[in-house]
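> Please model the entire structure based on the sequences and the hints provided.
The sequence shown lines up with residues 10 to 228 when you count with this note's numbering.
Any given hint might turn out to be false.
Said to hold, decoys possible - Derived DEER-like restraints, expressed as beta-carbon distance ranges:
(1) G73 <-> A12: 54 to 64 Å
(2) E107 <-> R70: 44 to 54 Å
(3) P96 <-> R123: 29 to 39 Å
(4) R74 <-> E170: 48 to 58 Å
(5) E137 <-> R74: 41 to 51 Å
(6) E48 <-> E170: 31 to 41 Å
(7) A75 <-> G43: 17 to 27 Å
(8) G73 <-> I149: 28 to 38 Å
Rather than coming from a laboratory, the hints here were simulated on the basis of the structure.
No experiment lies behind these values; they were computed from the predicted model shown.
Idealized CB from N, CA, C, for every residue including glycine.
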Amino acid sequence: MMAVRGLFFDFDGLLCDTERAARQSWRDLYGRFGLAFPESVWAAMTGRPSGAEIAAGHLGRTLGRAVTEEEVAWRLARKQELSDAEPLRPGVRALAGEAARRGIMLAVVSGSPRSWVAGHLGRLGALEWFDHLVTADGGIAVKPAPDLYLLALRRCGLRAEEVLALEDSEVGVAAARAAGLRCVAVPSAAGRHADLGAASAVLDTLYQISLDGLEVAAA
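Right, here's the structure in full:
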């Protein structure tokens, strides 16, 4: 098995559980109308760039009218408020530190905008850990397409077989695998419903997981 020279992290739900904040923001918006936010809608939208449109469309059909701009803005502000309280997921700091000490390149590969990813990494004191941030800016195709991962490989100057990807969602796993990467899935609490069978391995947490342990799991 070729030694790992790069570790590529998803952001939302993997490095930081902003997915929990997103789900709660939708629960809160639905709650303004006395409605429960269906888990089936959350399952359909998780990890997808069109996720907000899926939920807004469902809410609009339930209400019998389109969701207003004010309601969209309220939900986004609520998501930001909740996300700003989220820490790094357990084990991330130790794993990234170990990888950096071993000279392994680190990148974030995310379907979110750079401003969102860099803002949270800066808040968490983690921005300087990463050699590259590869994000959904400039019209690039997002997950489950492999384009973000292929771009990360080019920027890092690495081959797919030299990299391990870490993802929390079905679409993220699909993107990594389509780019030829081994992929370890670590679902967040909000993503436990996901079908992660395409992953090389599925872990409950990164807490106390070493880089060697990660490589063994993905073998």
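> Does the Cβ pair G73, I149 satisfy 28 to 38 Å?
At roughly 37 Å between Cβ atoms, I149 and G73 fall inside 28 to 38 Å, so the hint holds.
> Honestly, do E107 and R70 meet the 44 to 54 Å range at C-beta?
Since the Cβ atoms of E107 and R70 sit about 48 Å apart, the hinted range of 44 to 54 Å holds.
> Kindly confirm whether 31 to 41 Å is satisfied by the beta carbon distance between E48 and E170.
holds (37 Å)
> That 41 to 51 Å hint for E137 and R74 (C-beta), does it hold up?
holds (47 Å)
> Is 54 to 64 Å right for how far apart the beta carbons of G73 and A12 are?
For A12 against G73, whose Cβ atoms are near 58 Å apart, the range 54 to 64 Å holds.
> Please test the hint of 48 to 58 Å on the beta carbon pair from R74 and E170.
With a Cβ separation near 52 Å, R74 and E170 satisfy 48 to 58 Å, so the hint holds.
> Looking only at beta-carbon atoms, does the pair A75, G43 fall within the given range of 17 to 27 Å?
holds (19 Å)
> Can the suggested window of 29 to 39 Å be confirmed for the beta-carbon pair P96 and R123?
violated (21 Å)
In summary, the one numbered hint that this structure violates is 3.
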